[in-house]
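The listed protein sequences derive, respectively, from chains V and E.
For the first sequence, position 92 matches number 91 in numbering that gives the first Met the number 0, and the numbering has no gaps at all.
For the second sequence, position 106 matches number 105 in numbering that gives the first Met the number 0, and the numbering has no gaps at all.
Heads up, some of the hints might be wrong.
When chains are identical, the list treats them as one kind, so a pair holds in a single copy or across two.
Straight-line Cα separation of at most 30 angstroms, BS3-like style, residue types lysine-lysine; simulated pairs [said to hold, decoys possible]: (1) Lys-71 - Lys-143; (2) Lys-30 - Lys-165; (3) Lys-121 - Lys-102; (4) Lys-176 - Lys-30; (5) Lys-165 - Lys-19; (6) Lys-102 - Lys-143.
Hint data in this document are derived by calculation from the structure and do not stem from the laboratory.
Residue strings, one per chain:
2 protein chains.
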Amino acid sequence: MAKYAKIPEATVRRLSSYLKCLEELESKDEKVASSSILATICNVNPAQVRKDFAYFGEFGIRGMGYNIKELKEHIKKILGIDREWRIAVVGIGNLGSALLVYKDFLKQNYRIVAAFDIDPVKVIGNISERVGRPVEILHVNRLKEVVEARNIEIGIITVPPTEAQKVANQLVEANIKGILNLSPAPVSAPEHVKVRNLFFTSALDNLVYYLTN
Amino acid sequence: MAKYAKIPEATVRRLSSYLKCLEELESKDEKVASSSILATICNVNPAQVRKDFAYFGEFGIRGMGYNIKELKEHIKKILGIDREWRIAVVGIGNLGSALLVYKDFLKQNYRIVAAFDIDPVKVIGNISERVGRPVEILHVNRLKEVVEARNIEIGIITVPPTEAQKVANQLVEANIKGILNLSPAPVSAPEHVKVRNLFFTSALDNLVYYLTN
Chain V
0 MAKYAKIPEA TVRRLSSYLK CLEELESKDE KVASSSILAT ICNVNPAQVR
50 KDFAYFGEFG IRGMGYNIKE LKEHIKKILG IDREWRIAVV GIGNLGSALL
100 VYKDFLKQNY RIVAAFDIDP VKVIGNISER VGRPVEILHV NRLKEVVEAR
150 NIEIGIITVP PTEAQKVANQ LVEANIKGIL NLSPAPVSAP EHVKVRNLFF
200 TSALDNLVYY LTN
Chain E
0 MAKYAKIPEA TVRRLSSYLK CLEELESKDE KVASSSILAT ICNVNPAQVR
50 KDFAYFGEFG IRGMGYNIKE LKEHIKKILG IDREWRIAVV GIGNLGSALL
100 VYKDFLKQNY RIVAAFDIDP VKVIGNISER VGRPVEILHV NRLKEVVEAR
150 NIEIGIITVP PTEAQKVANQ LVEANIKGIL NLSPAPVSAP EHVKVRNLFF
200 TSALDNLVYY LTN
């Protein structure tokens, strides 16, 4: 897919945002979206929407807007989420528990197939009820074995910050492909493993910047 | 602060990320950071680091790097987080509960001063223990009154997606300045209220894009 290699990171981020907006429109039985509607919902300007989509060729009809279903499929293909991704969550405290029942994971192609903790006897009956199946929490020392056995490609880190890098190292050792770190401490990994650190403070920093300036 | 008005959104985002990395270095007793160290930790290239900082004038010393303490203060000032921001969290399920004890909020100038739910009798004894004070959950119908009485400027939404826009409307009505929405359903608000929708799926989309391409 080398032809997509030069998409700016900001565009990649917006594509994901457009996808959410398209799903929102679809849930309201809309079939077609104009760039101005997408722009309004996604908080960008219409020219930006058209520019972003132009990276991938023409798929809007002038004066008509975009077919929502087609555009969704196109974006999913570009992002690589037109297939299932198998995920392990490490650290089943409040945040990890929230992810196990996060509606959009269940709905989309992100499938959490393993949950790990250093305390495998954690009681999460409430979650089991909500996802409609028993949620089994495994001891983190089984990480490598289970990642391999269940073809897990992505690890989400939701342990306390003091443990985050250690867990990242364990995930690397388990031959994970990508890491999403939600702990407040940044983690790093060798270059062949992709890492995204997502900090709630950064989302607030961004908000505050625009409130201040 | 009009002179900062033209900072690209991607730079604002990276500034926040640099700040996290500087704190990480500081916690290891480092005093000075080179652009290449910052680049490595933050997953960007050194030229990008220097370019980002150049928006705000010169504050590195050539060949010496940046004084971590000074750079931190500078970034905080630019972002507007050199003062306290008072926050309400609406929706005290697993995710809301996680935020109440999120280490970096407690450590930084983000102060959660109110927690709301439609079920105000929720038992969160464990959280009370961890934050070292009783966490009082108020009924969401007291939102407007409490936002005003406690000078709350930011609302974080952690309710189920079906309730998210409703809560956003209530926050707008309570004269909130900014909204960070962590529910999977995008919310919108009138232009005078800034909104950031943070989706966990978007973080995964971004990771998957770079795993695929």
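For this session: Just pull the numbers of the violated hints for me, sorted ascending.
Result: Failing hints, ascending: 1 and 4.
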